[in-house]
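Undergrad: In order, the protein sequences belong to chains G and X. Per the numbering used here, the first sequence starts with residue 54, numbered consecutively. Per the numbering used here, the second sequence starts with residue 21, numbered consecutively.
By construction, these hints were calculated from the structure, which means they are not laboratory data. No experiment lies behind these values; they were computed from the predicted model shown. There's no promise every hint is true.
List time: in silico EDC-like cross-link candidates among lysine to aspartate or glutamate, alpha-carbon distance up to 16 Å [said to hold, decoys possible]:
id : chain 1 : residue 1 : chain 2 : residue 2
1  : G       : Lys-182   : G       : Asp-201
2  : X       : Lys-204   : G       : Asp-206
3  : X       : Lys-189   : X       : Asp-221
4  : G       : Lys-199   : G       : Glu-93
5  : X       : Lys-204   : G       : Glu-139
6  : X       : Lys-201   : G       : Asp-178
7  : X       : Lys-201   : G       : Glu-191
8  : G       : Lys-160   : G       : Glu-191
9  : X       : Lys-201   : G       : Glu-83
10 : G       : Lys-149   : G       : Asp-178
11 : G       : Lys-142   : X       : Asp-221
12 : G       : Lys-222   : G       : Glu-197
13 : X       : Lys-201   : X       : Glu-166
14 : X       : Lys-204   : G       : Asp-178
15 : G       : Lys-222   : G       : Glu-191
16 : G       : Lys-182   : G       : Asp-206
17 : X       : Lys-204   : X       : Glu-166
18 : X       : Lys-204   : G       : Glu-210
Over the 10 Å line for every Cβ pair with chain G, so calculated as not near, a few chain X residues [to be verified]:
id : residue
19 : Val-32
20 : Asn-55
21 : His-178
22 : Thr-194
23 : Gly-238
A virtual CB, placed ideally from N, CA and C, is assigned to each residue, including glycine.
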Amino acid sequence: MKRCILVMAFFMTLNTAMSQSILYNATKSEFSFFSKAPLENIEAKNTRAASIINTSNREIVVRIPISQFQFSNKLMQQHFNENYMESEKYPYATFKGKLNENIDPGKSGTYTVSANGVLSIHGVDQNRKLTGKLVVGENSMELETKFDVMLADHQIEIPKLVFKKIAEKIEVNASLNYSPFKK
Amino acid sequence: MKLMADSNEVFVRTATFKATRIINGHSVETVGKNNMDFIISHRFDRVNRGFEEFFGLDAATNRLGLEYGINDRLMLGIGRSSFQKTFDYFAKYKLIRQTSGASNVPVSVSLLGGYMIRTQNNSPQLSSYDRSNYTAQILIARKFSEAFSLQLSPTLIHRNRPDIFTDNKSVFATGIGGRMKLTKRTSINGEYNYVLPNQIDDSYTNNLSFSFDLETGGHVFQLLFTNSFGMTERQFITETNGSWGSGDIHFGFNISRTFSFGEKSKSNQ
């Protein structure tokens with residue numbers, strides 16, 4: 054009997070934990086980068102990124118399909134995929150990390166957050182600390198972040214001929230909307 | 021995290037060829053939405069003209085072309101060749117795109133329809149009907165690897181009035197073309213157009229071309245050798261009379277420059 058109650062209590066706590074939801078996944082996302090260059094500005098947008106935040110162990114994972122970056126100049130998009138990112142060989146850019154701050158999805162507000170983890174672009178891993186702004190709302194979270202990617206850090210080669218056209222540092226902006234993960 | 025593993029992302033295989041032409045003939049590629057390609061092509065005279073004609077460089081034909089992408093699948097193009105003062109108009113539609121990932125499509129297929137008219141004054145003067153020709157092509161290509169792509173192009177060419185009256189008006193041919201990348205930005209292309217037998221005069225030969233492609237930013241340069249002088253389908257598929265064996269080879273080039281008319285990037289940063 055005692056054991057029975059214990060088991061019931063266990064399931065009840067599990068239940069409440071489930072209803073509070075510890076996993077949040079991104080239902081809407083936008084990654085963009087902009088690079089000012091003398092000849093032609095380089096700009097692209099990607100709305101196909103996937104991401105999950107685990108609010109209990111503070112893990113965050115982001116995965117961006119490289120070939121889904123949309124450029125207005127399609128030849129530039131082709132070069133981006135073929136020559137620079139080699140997206141058939143390295144289809145995704147990922148970030149796997151751990152938030153340094155505790156997140157309480159029950160407490161609404163705006164928080165400055167940071168995460169340490171591994172940023173993988175073009176098949177090259179880099180340990181990075183990324184910072185951002187997290188807006189916790191009712192049953193939703195919004196993450197905004199801005200970070201720089203040094204092309205050399207990820208072995209993305211620029212041919213000498215077009216050196217002037219492409220910045221060596223690319224600024225990436227991201228905004229992600231999270232909601233509780235439902236199976 | 022396991023949730024991320026089961027991907028439903030579909031990857032479209034892009035850049036089967038670098039340009040909208042393999043060499044003379046069309047590739048499966050179209051110009052992207054709101055993008056315009058300006059193509060300048062030259063074919064010099066035969067290299068076996070010798071030193072006096074500077075191996076053919078003294079004389080040349082050219083074609084100027086403008087191509088525009090209505091959307092990412094449909095493009096329209098116009099061109100004007102100095103050879104026979106030919107105007108050409110075409111539409112190309114990307115019907116099927118090669119994909120991998122969640123959905124697996126092995127080939128890309130594009131459809132091409134073209135109309136050409138010669139405007140050179142001939143005597144006797146021919147009617148515009150007699151100077152008109154039509155092209156229909158099914159372009160089937162597969163990008164086997166990052167470096168190697170191959171295309172088959174079954175072709176129908178209809179000439180209202182062939183230059184040799186015993187020729188068939190409608191001619192069936194098939195093109196085969198491929199490209200092999202040497203580096204990320206250079207490749208070697210080959211193209212052969214086979215005309216099915218007993219349709220055209222024996223004095224005509226099949227078109228065979230090789231090119232070296234170099235791409236820099238917004239430009240694609242193709243340096244090429246071919247046995248054909250003209251650049252419209254009627255001319256290079258059904259009316260080529262040069263033979264590689266006897267050195268009737270033309271040096272030439274295509275230069276294409278892409279402009280984009282999409283939403284202008286906001287320079288507000």
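Undergrad: Indicate, hint by hint, whether the structure satisfies it.
TA: Hint by hint, here is what the structure shows:
1. G/Lys-182 / G/Asp-201: The hint holds at about 11 Å.
2. X/Lys-204 / G/Asp-206: Roughly 20 Å separates the two Cα atoms, so the pair is violated.
3. X/Lys-189 / X/Asp-221: holds (12 Å)
4. G/Lys-199 / G/Glu-93: Roughly 22 Å separates the two Cα atoms, so the pair is violated.
5. X/Lys-204 / G/Glu-139: Holds - the C-alpha atoms of G/Glu-139 and X/Lys-204 are around 9 Å apart, at most 16 Å.
6. X/Lys-201 / G/Asp-178: With a Cα-Cα distance of about 28 Å, the restraint between X/Lys-201 and G/Asp-178 is violated, given a limit of 16 Å.
7. X/Lys-201 / G/Glu-191: violated (53 Å)
8. G/Lys-160 / G/Glu-191: holds (8 Å)
9. X/Lys-201 / G/Glu-83: Given pair X/Lys-201, G/Glu-83 is violated - Cα atoms ~34 Å apart, limit 16 Å.
10. G/Lys-149 / G/Asp-178: holds (10 Å)
11. G/Lys-142 / X/Asp-221: violated (49 Å)
12. G/Lys-222 / G/Glu-197: violated (20 Å)
13. X/Lys-201 / X/Glu-166: This hinted pair holds, its Cα atoms lying about 8 Å apart.
14. X/Lys-204 / G/Asp-178: violated (23 Å)
15. G/Lys-222 / G/Glu-191: violated (37 Å)
16. G/Lys-182 / G/Asp-206: The hint holds at about 15 Å.
17. X/Lys-204 / X/Glu-166: This hinted pair holds, its Cα atoms lying about 9 Å apart.
18. X/Lys-204 / G/Glu-210: holds (11 Å)
19. Val-32: Per Cβ check, X/Val-32 is inside 10 Å of chain G; nearest 7 Å; violated.
20. Asn-55: violated (5 Å)
21. His-178: holds (32 Å)
22. Thr-194: The claim stands: X/Thr-194 keeps its Cβ more than 10 Å from every Cβ of chain G (closest is about 27 Å).
23. Gly-238: Not fine: 6 Å to the nearest Cβ puts X/Gly-238 too close to chain G.
Of the numbered hints given earlier, the model fails hints 2, 4, 6, 7, 9, 11, 12, 14, 15, 19, 20 and 23; all others are met.
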